[in-house]
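Here is what each chain is made of, one letter per residue.
2 protein chains.
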Amino acid sequence: MRGRGAWWQERFYNSGARITGPREIVMDILHETDDHMSAADVYVKAHEINPSIGLTTVYRTLDMLTQMGIVQKFDFGDGKARYELINNPGGKKHHHHLICLKCKAVIDYTEFLDDEVEFITKTQNRLSEKYNFDITDHVISFYGLCENCR
Amino acid sequence: MRGRGAWWQERFYNSGARITGPREIVMDILHETDDHMSAADVYVKAHEINPSIGLTTVYRTLDMLTQMGIVQKFDFGDGKARYELINNPGGKKHHHHLICLKCKAVIDYTEFLDDEVEFITKTQNRLSEKYNFDITDHVISFYGLCENCR
DNA sequence: TTGATAATGAAAATCATTTTCATTTAGAAA
DNA sequence: TTTCTAAATGAAAATGATTTTCATTATCAA
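From first to last, the protein sequence lines are chains G and U.
Be aware that the first sequence starts at 163, since it is given in the numbering used here, and climbs by one per residue.
Be aware that the second sequence starts at 163, since it is given in the numbering used here, and climbs by one per residue.
It is worth saying that the hints were derived from the structure and are not from the lab.
Please note: incorrect hints may appear among the correct ones.
The list treats identical chains as one, so a pair stands whether inside a single copy or across any two.
What the hints assert, rightly or not - Dumping the calculated SDA-like pairs for lysine to any residue here, alpha-carbon to alpha-carbon at most 25 Å:
1) K255 to V301
2) K266 to S177
3) K254 to R244
4) K266 to N294
5) K284 to T272
6) K255 to E278
7) K255 to W169
8) K266 to R288
9) K264 to A179
10) K292 to E210
11) K264 to D296
12) K254 to F274
Given the sequences, and given the hints that come with them, work out the whole structure.
Right under this line is the structure:
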């Protein structure tokens, strides 16, 4: 299943990043899950595939992917960062999060994105022009109390 | 300047939270700044006012305020959480963030909120109904590379 | 095939945040 | 006002995620 899509390899190349075993494995793992994975989660899976991979490398790879805009890093308030592929062809759809402030439960929602696209596109264009930012991504999260905690 | 607004004291009361010296000081500090303060930042200021206040209490207070929806907790990716008052009468306006993935610079923007209000209100209503969530807050952030890093 | 350099892994270091626990305090009740 | 009890506090220790260091290895352009 390795090398399923050259799409990211091309992006690595364009960034001057080498394509290595550990990086391929991390990309595979991210492709294969629908979860919000922490670095430790990725490490555990990577370790099953190749026990010589170090946690440090997982961190470094996830960080690099985040900076390249391939991965999105989230903080749900439970003390560890979570990572998700931004473009996962055939994978999880674009979505946002509904986060409970008390129990930290996270609900992914994909509804109501039509209105969002319109709003985000417009705002993003305005912002990138005004602040000369190369915007690659956005986050929309709603916070509150879930039905169990309210 | 203490006790400037009873608004939060009432909310403390309604939550069964006691109004204590340390908590008043933390609220004052949050009222008086426009920055995105970390717990350590708040601690330093609190310590100037009353050196007996402990960092632990600052953390606990900020956490409580976050759960009460008085404060919003942010993660800009630099490893420490930031806190801002959500309703600061006479203070900083509602705003969102533009965050550089490389240098972690944060730009606050307040423009283009008219479109946002419409979009957010609608989405929030739909979500709270569908998922039975008591939504108190939202975050919209844009990520990318700032003009120096792009 | 080779060499420069990027990437890696293990271990140690860092550092934000949380926990523990003995002490103090707010504020309801008497 | 005084008393009483649960909530709040602070210091210190513990935790745990993430980063740094540095010697070794591997990628890939030439």
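For each hint, the structure was consulted:
no. : hint         : result
1   : K255 to V301 : both (14 Å within a copy, 20 Å between copies)
2   : K266 to S177 : between (36 Å within a copy, 19 Å between copies)
3   : K254 to R244 : within (15 Å within a copy, 30 Å between copies)
4   : K266 to N294 : between (35 Å within a copy, 15 Å between copies)
5   : K284 to T272 : both (20 Å within a copy, 15 Å between copies)
6   : K255 to E278 : both (14 Å within a copy, 23 Å between copies)
7   : K255 to W169 : within (17 Å within a copy, 42 Å between copies)
8   : K266 to R288 : between (33 Å within a copy, 21 Å between copies)
9   : K264 to A179 : between (40 Å within a copy, 16 Å between copies)
10  : K292 to E210 : neither (47 Å within a copy, 39 Å between copies)
11  : K264 to D296 : between (35 Å within a copy, 12 Å between copies)
12  : K254 to F274 : within (16 Å within a copy, 30 Å between copies)
Hint compliance for this structure: hint 10 alone is broken.
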